[in-house]
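Novice: Protein chains in written order, with my numbering: chain P, 1 to 289; chain B, 1001 to 1240.
Wrong hints could be hidden among the right ones.
Which residues of chain P face chain B? A few of them, derived with a C-beta cut under 8 Å, are [unchecked claim]:
#: 1; residue: L3
#: 2; residue: R14
#: 3; residue: E200
#: 4; residue: I203
#: 5; residue: M204
#: 6; residue: V207
#: 7; residue: G208
#: 8; residue: A209
#: 9; residue: T210
Computed beta-carbon distance windows for the label pairs [as the list claims (entries may be wrong)]:
#: 10; chain 1: B; residue 1: A1141; chain 2: P; residue 2: L4; range: 22 to 32 Å
#: 11; chain 1: P; residue 1: R6; chain 2: B; residue 2: Q1129; range: 12 to 22 Å
#: 12; chain 1: B; residue 1: R1184; chain 2: P; residue 2: F28; range: 51 to 61 Å
#: 13; chain 1: B; residue 1: T1027; chain 2: P; residue 2: L180; range: 38 to 48 Å
Since the hints were made in silico from the structure, they are not lab data.
Predicted, not measured: the structure shown is a model, and the values here were computed from it.
Built from N, CA and C at the ideal position, the CB exists for glycine as well.
Residue strings, one per chain:
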Amino acid sequence: MNLLWREALLAFRRTRTLSALSVTTIAFALFVSGLFGLVALNMRAAISRVEERVEVIAFVHRGTPTQTLTVAGQDIAAFPEVLTVSYVSEEDALERARAELVEFEDAYKDLEVNPLPASLELRLKPGFRDAASAGNVAERLRSFEFVEDVRYGEDWVHRLDTLRKMAALIGLGIGLAFALVSIVIIGVTIRMTVLQRAREIQIMRLVGATDWFIRGPFLLEGAIKGFLGGLIAVGLCAAVFGAFRAQSIALGTGLLFFGPAQAVLLLIFGVLLGFGGSLFSVGRHLRNV
Amino acid sequence: MPVIPRLVYLPVVIRFTKVSKRYPTGTGPAVEAMTFHVGRGEFVFLTGHSGAGKSTVLKLMYGEERPTEGDVRVSGFGVGHLGRDELPRLRRRLGIVFQDFRLLEDRTAAENVAFALEATGSRADVIPQRVARVLEQVGLANKSESFPRELSGGEQQRVAIARALVNDPPVLLADEPTGNLDERATRGVFALLTDINAAGTVVVMATHDLDLVRHAARRTLEMRDGRLVYDSSADAGVDP
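Bound-form chain P, shown alone:
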């Protein structure tokens, strides 16, 4: 084990420039992936913020007893899709209209009869904020006798669905492309390291070292390089993120950075890339010599 570490660290010392180049390559490949991850993360956060506004409103017939609504409200709250149910009385609705629709302040000022109906406002649980679930809930609400009409901004929710699907598809596509490019670049860099040490590998084989003995230091070296590259990539992402937030304060307030788990994931990705790239390159080299 000591020998493994010694050989791996010696390799760093002996091929300083190439090692620095490998770490930099891995760092930049992961940095680009990391930046894309940040964009995807923030896009997802933005979409879920918009999703929170998905609500289903059931307008009730005038004169429905409050008690009926309270009982029905409890039933509706038990729907698996429903997060909260709140009752908005006719007076509350008018009050809200006056506050929110300032342009129509005059129109609402001297009303003798309140034209606005009472309603039940439903918020949906995360995961049910799509057109199909909202439509389902609306359908069930319509079966209550006291319900006059149900609205959930059908067009808008449909558009949100499309946006979400597009974001997922683009995220997956570009994410995979970036990962693939990273793997290729890192593979080429590690291959250079292997070729540079071809003589050493040849001598190891001549004296009777097993393939796994030869692979060991390369794999460890690759994993260390991946780890260092990952650290630098997280640092670079943080720097770019900080600079971006400082430049655009208005936009920046809602921006998210990786949590510890995601940062660790990027590091693990780096280690796996370094390890896997080395395994592949050394394996191929050993098969050919």
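Given chain P's structure and the hints, the job is docking chain B onto it.
Specialist: Just chain B, lined up with the frame of chain P:
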């Protein structure tokens, strides 16, 4: 040419039976229908012009190449059907020396020798004394901390021989070990190989240095165009 008779009762360490080797890109066979064997304790010269097939024969011995036809047995291993896992086991029973030394430039003489022990999984605590012992044996005890670039050609070849010997192999294969050396260094390296042989190790040395072969009075196998054309032991009345 002086002839040293080979004793027939010596157990066979290397056996070639109708061995041919053809490379896919080559025009003719590199080795053609070679049959010979080498017994325990022997010192054998493999001679011939450049391209006669000497190096291919050595490569067949250490498993770098596989025979296209025939059977190669070295130290109990059938080289023709050696699995990938078995190759290191064969190599540990052999010491191999080359014309270009093949030392690691960024390691000292002692580290180069220790490398062979480390690579074959020797216990760390026995390595320093074994390295010191073998460097002493090749006459380089005082150069153990020198890097290859600080050593003469003859000294570098001695380090390579020390590395080949450190695992106590029963067979030492040397491919033109004196090819890059001046006359004095050549004599020194050859004397070292004879000492090693005298201690019981089989030595097979490929060389085109006919002066050396003539003066050495050892069994000689001569190759021409991939064929074995002369075996000095046959002159002594022993079937090769």
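Novice: Confirm or reject each hint.
Specialist: Verification of the supplied hints:
1. Nearest Cβ of chain B to the Cβ of P/L3: about 6 Å, under the 8 Å cut. The hint holds.
2. Taking 8 Å as the C-beta contact cut-off toward chain B, the hint placing P/R14 at the interface holds, the least distance being around 5 Å.
3. Satisfaction of the interface hint for P/E200 is found here, the shortest Cβ-Cβ separation to chain B being roughly 6 Å, below the 8 Å cut-off.
4. The beta carbon of P/I203 comes within 6 Å of a beta carbon in chain B, closer than 8 Å, and the hint placing it at the interface holds.
5. At about 5 Å, the closest approach between the beta carbon of P/M204 and any beta carbon in chain B falls short of 8 Å, and the interface hint on this residue holds.
6. Satisfaction of the interface hint for P/V207 is found here, the shortest Cβ-Cβ separation to chain B being roughly 4 Å, below the 8 Å cut-off.
7. Evaluation of the P/G208 hint against chain B yields a held restraint, the C-beta minimum of about 4 Å falling below 8 Å.
8. A cut of 8 Å between beta carbons decides the hint on P/A209: the least distance to chain B is about 4 Å, and the hint holds.
9. Evaluation of the P/T210 hint against chain B yields a held restraint, the C-beta minimum of about 5 Å falling below 8 Å.
10. The beta-carbon spacing between B/A1141 and P/L4, approximately 30 Å, falls within the hinted interval of 22 to 32 Å.
11. Under the hint 12 to 22 Å, the C-beta atoms of P/R6 and B/Q1129, about 19 Å apart, fit the expected range.
12. The given range of 51 to 61 Å is respected by B/R1184 and P/F28, whose C-beta atoms sit roughly 55 Å from each other.
13. Under the hint 38 to 48 Å, the C-beta atoms of B/T1027 and P/L180, about 44 Å apart, fit the expected range.
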